[in-house]
Amino acid sequence: MGKNWSLARREKALQQRAHILQGMRQFFIGKGFLEIETPHRIPTPAPESHIDATPSGAWFLQPSPELCMKRMMAAGFEKIFQICRCWRERERGNLHLPEFTLLEWYRAEADYHSLMEDCEELIQDVATIIGLGQQIIYRGFEIDLFGPWNRISVEEAFHYYSKTTLTKALEQNLFDEIIVQEIEPKLGLKKPTFIYDYPAERGALARLKQENQAVAERFELYIGGLELANGFSELIDSEEQRRRFHAENATRQSFGKSMYSLPERFLAELGDMPPSAGIALGVDRLVMVFLDAEKIDDVVAFTPEAL
Amino acid sequence: MYTASDLRKGLKVIIDEEPYIVTAFEFSKPGKGQALYRTKLRNMITGFTMDRTYREGDTFEPALLEERAMQFLYKEGDHYHFMDNETYEQIIISEESLGDAKNFLVENFNVEVLLFRDKAIGVELPNFVNLRVIKTEPWVRGDTSKADFKPATLETGYELRVPPFVEEGELITLDTRTGQFSKRVKE
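Just so you know, the sequences run in chain order A and B.
The opening residue of the first sequence carries number 1 in the numbering used here; numbering runs sequentially from there.
The opening residue of the second sequence carries number 308 in the numbering used here; numbering runs sequentially from there.
Source of the hints: derived by calculation from the structure; they are not laboratory data.
Since this is a predicted model, take the numbers as computed values, not measurements.
Warning: the hint list may mix true and false statements.
DSS-like cross-link-like pairs, simulated, lysine-lysine; straight-line CA separation at most 27 Å [what the hints assert, rightly or not]: (1) A/Lys295 <-> A/Lys191; (2) B/Lys490 <-> A/Lys295; (3) A/Lys168 <-> A/Lys186; (4) A/Lys295 <-> B/Lys316; (5) B/Lys457 <-> B/Lys409; (6) A/Lys79 <-> A/Lys209; (7) B/Lys442 <-> B/Lys490; (8) B/Lys347 <-> A/Lys186; (9) A/Lys186 <-> A/Lys295; (10) A/Lys163 <-> B/Lys409; (11) B/Lys347 <-> B/Lys382; (12) B/Lys347 <-> B/Lys409; (13) A/Lys295 <-> A/Lys12; (14) B/Lys457 <-> B/Lys442; (15) A/Lys295 <-> B/Lys319.
Between the sequences and the hints, there should be enough to build the whole structure, so can you do that?
Written out as structure tokens, the structure reads:
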């Protein structure tokens, strides 16, 4: 046994992690998706109010692979997936690493509902591949993976789980606090749960719902209170996207954050994209759920502090 | 000045003009939302604990606490009198501010007094102190009907449970962090 005991003791977790990654690939290849790789280092990230990219020279390390993947969709690729590293500044806690692994996939001629179905099948399949049944235990909760999973709107989630309403939370600028403190801890405790239809301003790259322009066709997946994935029907109107990027940059400026230059090639090609849907799933967090891990540190070989 | 992203366990900050110490900390960030810093804080004057959530960009003034070596002189009502070992200046700390530390103070005892903005807010004790037992029931040898521990009163008035072999007038060591008996001192 070597000196680095804290690394050596993660051997079993890292073997399981490898099985999970292999299971994900197997699932998407079986579904006819093309595995792709796009550059980690990009000239500018998509401007978003609360996501800070890590500078790398005059460029940035990607906070998400979405810009390049959407350009591929615009160029005519129909089903693509990628498992890659992403970086976000100052995100560190029991559930966050500033460098983490995302699984991101896109489907042409699809909306956010089909991504929810993909999530169900993917996670059920991976559970089987790694030898778990359809009942898993995470954080002391017995969670049933059999579909269909729970689907509730954000508005309903406020109604069921919070003392206040969605409208009041937005008026009082307490949306994030109530989600984190009151709602998240109650989501997906018996069955994985999707919450969908977020307030329009919470989905900078998502399409608005046709029958209700106040909400974006965006959802998040929760298992055992843990947020695992964020997906949406893609906005494909490049002028609208440009306006939203400017609005996000204005919010950044009001918080005293740097503004990002706009990803012009992405904007130029966005109009070619067919109606599509795309989603990012936190791989480290899915491993946490399957391994019943308490901290994200337990499912990676190295944390930044260990380097 | 600290910002919310500096928050971590053990950090001392000023909130509403009073010093607080962070006793628990968690980073949260709901999808596409802002970073939230959830903390448990203990008021270093009153001992009162509260939960607070902060956002990125929130700022804090560090709570700068001074420690001065002092000697406990005497108690008068709720007032505990101390003397600065260097300047011989005398100060008073209230029983409320002392908290559990009042159980372990005997005359001429040396402690570190914590000061916040020149006001004494409490004392730091060594982890172990020796105090004399002034009252406890005698141990009847061979009597197994009694419980393993028996009540005892110390010279400070503090009451605790001690093993049956401890006798009145003896000196014992106790752990100031738990307030429990540690061992008997041989004199």
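Hints, verified against the model:
At roughly 21 Å between alpha-carbon atoms, lysine 295 of chain A and lysine 191 of chain A fall within 27 Å of each other, so this suggested pair holds. Between lysine 490 of chain B and lysine 295 of chain A the alpha-carbon distance is near 39 Å, which puts this suggested pair outside the 27 Å criterion. With a C-alpha separation of about 20 Å, the suggested pairing of lysine 168 of chain A with lysine 186 of chain A holds against the 27 Å cut-off. Proposed proximity of lysine 295 of chain A and lysine 316 of chain B is supported: the alpha carbons are some 17 Å apart, at most 27 Å.
For the given pair, lysine 457 of chain B sits about 22 Å from lysine 409 of chain B by alpha-carbon distance, which is consistent with the 27 Å threshold. For the hint linking lysine 79 of chain A to lysine 209 of chain A, the alpha-carbon distance of about 23 Å falls within 27 Å, and the restraint holds. Between lysine 442 of chain B and lysine 490 of chain B the alpha-carbon distance is near 17 Å, which keeps this suggested pair within the 27 Å criterion. Straight-line distance between C-alpha atoms of lysine 347 of chain B and lysine 186 of chain A comes to about 21 Å, which keeps the hinted pair within the 27 Å bound.
With a CA separation close to 19 Å, the supplied pair lysine 186 of chain A and lysine 295 of chain A stays within the 27 Å bound. The hinted pair formed by lysine 163 of chain A and lysine 409 of chain B fails the criterion: a straight-line CA distance of about 43 Å is larger than 27 Å. This hinted pair does not check out: lysine 347 of chain B and lysine 382 of chain B have alpha carbons roughly 33 Å apart, beyond 27 Å. Of the supplied pair hints, the one linking lysine 347 of chain B and lysine 409 of chain B holds, its CA atoms being roughly 25 Å apart against a limit of 27 Å.
This hinted pair checks out: lysine 295 of chain A and lysine 12 of chain A have alpha carbons roughly 15 Å apart, not beyond 27 Å. For the hint linking lysine 457 of chain B to lysine 442 of chain B, the alpha-carbon distance of about 11 Å falls within 27 Å, and the restraint holds. As the CA atoms of lysine 295 of chain A and lysine 319 of chain B are separated by approximately 25 Å, the hinted pair is consistent with the 27 Å bound.
Of the numbered hints listed earlier, those contradicted by the structure are 2, 10, 11.
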